[in-house]
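Take the given structure of chain A and dock chains B, C and D with the ligands to it, following the hints.
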Amino acid sequence: MRSARLSERPTPDDHETDSMPISDWFKAREQRNYTTPTEAATTSDLPDGVWVRCEGCKRTLYMGDLERELMVCPTCGRHHDLSAPERLAMLLDEGSFEEVDAHLRSVDPLQFTSGKVYSEQVAAAVQRTGLGEAIVTGRATIGGHRAIVGVMDFRFIGASMGSVVGEKVTRAFELALAERTPLVLVTASGGARMQEGMLSLMQMAKTAAAATRLAAAGVPYIVVLTNPTMGGVTASFATLGDVLIAEPGALIGFAGPRLVEQTIRKSLPKGFQSSEFLLEHGMIDMVVDRRELKDRVALLLSYLTAGDE
Amino acid sequence: MRSARLSERPTPDDHETDSMPISDWFKAREQRNYTTPTEAATTSDLPDGVWVRCEGCKRTLYMGDLERELMVCPTCGRHHDLSAPERLAMLLDEGSFEEVDAHLRSVDPLQFTSGKVYSEQVAAAVQRTGLGEAIVTGRATIGGHRAIVGVMDFRFIGASMGSVVGEKVTRAFELALAERTPLVLVTASGGARMQEGMLSLMQMAKTAAAATRLAAAGVPYIVVLTNPTMGGVTASFATLGDVLIAEPGALIGFAGPRLVEQTIRKSLPKGFQSSEFLLEHGMIDMVVDRRELKDRVALLLSYLTAGDE
Amino acid sequence: MEFERPLDELEDKLASLKHLDVSEQPDLAAEIAGLEAEIARLHETLYAELTPWERVQIARHPERPKTDDYLQALFTDVVEVHGDRLFGDDESVFAGFATLQGRKVAVLGHRKGKNTTENVRRNFGSPHPEGFRKAERLMHLADRFGMPIVSFLDTAGAYPGLDDEDRGQALAIADCLAALSSVRVPVVVVGIGEGGSGGALAIGFGDRLIMLENAYYSVISPEMCATILHKDARRASETSACLQLTADDLVRLGLADAVVAEPRGGAHRDPEMVFDGVRTALSAALESLSAVDRATLPDTRYERLRRIGEVAGG
Amino acid sequence: MEFERPLDELEDKLASLKHLDVSEQPDLAAEIAGLEAEIARLHETLYAELTPWERVQIARHPERPKTDDYLQALFTDVVEVHGDRLFGDDESVFAGFATLQGRKVAVLGHRKGKNTTENVRRNFGSPHPEGFRKAERLMHLADRFGMPIVSFLDTAGAYPGLDDEDRGQALAIADCLAALSSVRVPVVVVGIGEGGSGGALAIGFGDRLIMLENAYYSVISPEMCATILHKDARRASETSACLQLTADDLVRLGLADAVVAEPRGGAHRDPEMVFDGVRTALSAALESLSAVDRATLPDTRYERLRRIGEVAGG
Ligand SMILES: [Zn+2]
Ligand SMILES: [Zn+2]
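Same order as they appear, the protein sequences are chains A, B, C and D. Residues 1 to 309 in our numbering are what the first sequence spells out, letter by letter. Residues 310 to 618 in our numbering are what the second sequence spells out, letter by letter. Residues 619 to 932 in our numbering are what the third sequence spells out, letter by letter. Residues 933 to 1246 in our numbering are what the fourth sequence spells out, letter by letter.
It should be emphasised that the hints constitute simulated quantities derived from the structure, not laboratory data. Fair warning: there could be bad hints in the mix.
Heads up, simulated DSS-like pairs for lysine-lysine below, C-alpha to C-alpha not over 27 angstroms straight-line [as the list claims (entries may be wrong)]:
1. D:Lys-1036 - A:Lys-294
2. A:Lys-266 - C:Lys-849
3. B:Lys-603 - C:Lys-722
4. B:Lys-425 - D:Lys-1163
5. D:Lys-1163 - B:Lys-575
6. B:Lys-579 - B:Lys-367
7. A:Lys-116 - C:Lys-849
8. A:Lys-270 - A:Lys-58
Take a look, some chain C residues computed to stay more than 10 angstroms from chain A by CB distance [claimed, not checked]:
9. Glu-642
10. Asp-695
11. Ala-796
12. Met-891
13. Phe-893
14. Leu-907
15. Tyr-920
C-beta: ideal position from N, C-alpha, C; glycine also.
So that you can see chain A by itself, here it is in the shape it has in the complex (with noise of 0.2 angstroms):
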């Protein structure tokens, strides 16, 4: 399993997370062994080693080589999730990145108990993925183009919108406005946070206005729409952007295609919220490869700010 892979790594307490450099989590890694690079994972077939098996070819791979392609499988091209720190490494400048609003945690607002306890939950991810939430900001520079970033990571109770992921993006666009700078998000997230009830709904609000206000002052905003982007990230600030590229083969829509096969009660059309079917429909900008993907946000940046010069 992905989350029993990535578990295995040194959970640094919050100030080491502040202070590792992003290029180490690569390098960290290969120190380790690893299974498979998916979320649905069938470890059980596979040897508890270096070898991993691509969830979309079903070929088995050398994760070097899997890491040398930024997850991607060389073979039938699919795109495997990535943490926060492995996505910041692939996209920014290597030493670039300095991070803001760390230590922000969740709280329990509601003492929600329905299910698992929530705080325990939190507790649980915090110590799993070894981050504080399900989203990572700072500043940093993209092929030398200075910008404000945020990443998302699914790890994360399923990178779900609360209190803290919506503080943390508005302070991200409030940074990018006050500093003038562009804004970068990549999402991954299956939505509001329920455990936080009315407040993680309301920060779709909040978070739009945050996204209002920096468009209104003309500060490029790029989206990078990663699997899966669903629900109220998806309806708030992740399709807010000036431009929205998407990752090939991402889940991105509203509601879950499960909720939406059983509302129109038959299967759905074979690529149904994928990012190339959301292209077809007029939804997103671009889908990029990963591979392309640091080149390509570089070259947007340069041209939303030409008016700059």
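Just chains B, C and D with the ligands now, with coordinates in the frame of chain A:
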């Protein structure tokens, strides 16, 4: 034929047009005889007199009854075309109309001679309708609300938009802007006037630009789309209103129905490009019976100017 | 409603007893009197402290007053506007202008039907993208012409259909949020029934939030929450308590500004009382906002949103 | 092209003669020489003064350089953006960013295909509403981020389909006109082929209009004009002269600012020459506009539009 009927009217010279109270148009007409209120006329089987046949329900009606209903068939509800003076009479507060730009006349910039000689066509239209061009504009009140108004007249070369129509529409926008007074335009048009070539086409951009400046200034702009409003007029100022009203059963669209039929190579669905069709497809705000139109426009003016209070 | 079933049974029994002939059954009068007393007692306890799940059921009651009823009861000179100017007109969303005690406002509202035909046309109050885009258009109109916005919430949620995804349901909602956050006119929201997630929020935040006593507003439907957490929609009673979705919860969370009292058993038992309450609350809200410089409203609204959420370590 | 047929016949004859063996036919060399002289003469007269209708045919030539060719020849770092964020992505309209000799611009263009497959996907360059709405979106992006707009015109017109009417073809064009009139960045339009009516105008006016020598721009297609006036599309030659749709006509009417020369017979005979001409004209236009205060551009553009039209009695 409608045109035959209307040509029986006295053809006032420009000064008379300017000074004749609009209400007199209706009075004056009662002294004359009419045939059928539709454009596609079948007068031969009707007595030449005060009885007319409704093309909607094929019933024979007394012209006086039809006029009392503002040329709406009391039986089938068909809205028969109105001339610009008739429209002004039914829409504006009596005696409130003060025409502007009445002296603008079309010239023949391309010396267009294919088919009819354009300059002769214009002269004939002036002669037949008693109007200077296909639109009449001015200041007025509607239910007590001040407005700049413009009313198109399909009898004048299909109310196509050449330099003069474009100019008068543009000046109406500019007058509304200068006096910060809402603009109400009643459209009817076959589209751009091809006999003025590219000068006509560019009127679309010119009027749209004027509409955009009015919108940016926050001055209300209401459009009443009447039968027919097509082509370059629909694709420019006529659909840039804050509120779009259509009369029932009006033909409204971009491409002519015959061209669409040729393009798709099958017959068109019933009601295609009708007001009701446009309402269903989200393109207009409301379909309003002509007999309620004045009240509705007045009410809308009261809402759209509420913020000025 | 389910929780009223014991009461319904007693009332049925009472009705059947009353059909009988007293002269033939001497004990009947006493039995009726006893039953009536029992009904009164049950009435007292049943509605004394409603659970969140019971309130959700009241909020969904088919006879509960709807947006159309408020339009008729509170407003004059109602003019509806239609369409998104892009694709269609969604009847599940009302958009238009109306006058409240002399005050001209722009009105939005989710629109459930009174019967099946109407409900089918209105998609049971669950908007398509066209509905949100129509709402967005009205927001811009209201902004441009300085009309306060009054919005009535009553939806189970945005419609989760196939075509809705095709036509950008998420983007339509996001665009509404952006527009509503930036209009330079007062925005007063009234939760009158269901407040289902993003489909409610799209027209559901502003400068004031008034909640009817039994209206709810939730990040997710209790049933879906129960399905996700327990794979059992029947545990909705439990999740509806956890989600803190009632009017009182919202006040406590700092999200709602006022609660309008409902008659015992719900608004449908005495609509006039609720209309009066909403009229009063709405007028008060609009009045207090009319004093504010409109240019400052977006910033004030942003500050209001900005405070929402509980975090540690910030 | 039809008007080239006499030339084509001579050239065919010449080619067939050249296949013969000179040694067997002693007169052949002289005959070939004569034919070549005749071809040269005809070449001279045929293209010396092209009629408007002949230019329309050249403008429609399938091998004529298209928007994609200009993108490739003139620009570097081309990034295409897609979609209207409402309904679909229309491949008949290009929208994106590109760099012209170091200058970063937003690019629009009608997009015909190079072959049938491509043409079907691109609807032969006739936009649907989605195409115009994508263009409008790019206009707003260019406006917000201060990128000049370069627009290449090459369309027979907006597509007159049933679904296009359903989805508001007229409104989509009107919205483009509104956006293009108000962007606070330079707008340079290049007529490279067909300029068909509203579908061209939607992305076809601005601060400068550059026309290729054989490009046309017209309120209506010559054929449709002939059909309306004479019920005979074959009189398009006559109407194309009346409509004054050539590059020179547009200069005379005060609508076009510059004409880029084409090689004899049309741009497809020597694309590089035309690319050079367009590059030079485009750079000059952008350079002259770069000196202008951007905030004044909408007013200047409005004044430019404002002067268009001839009226009496004003
Ligand atoms: Zn693979
Ligand atoms: Zn009739």
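Verification of the supplied hints:
| no. | hint | verdict |
| --- | --- | --- |
| 1 | D:Lys-1036 - A:Lys-294 | holds, 19 angstroms |
| 2 | A:Lys-266 - C:Lys-849 | holds, 21 angstroms |
| 3 | B:Lys-603 - C:Lys-722 | holds, 19 angstroms |
| 4 | B:Lys-425 - D:Lys-1163 | holds, 13 angstroms |
| 5 | D:Lys-1163 - B:Lys-575 | holds, 21 angstroms |
| 6 | B:Lys-579 - B:Lys-367 | holds, 19 angstroms |
| 7 | A:Lys-116 - C:Lys-849 | holds, 13 angstroms |
| 8 | A:Lys-270 - A:Lys-58 | holds, 19 angstroms |
| 9 | Glu-642 | holds, 55 angstroms |
| 10 | Asp-695 | holds, 30 angstroms |
| 11 | Ala-796 | violated, 4 angstroms |
| 12 | Met-891 | holds, 26 angstroms |
| 13 | Phe-893 | holds, 26 angstroms |
| 14 | Leu-907 | holds, 18 angstroms |
| 15 | Tyr-920 | violated, 5 angstroms |
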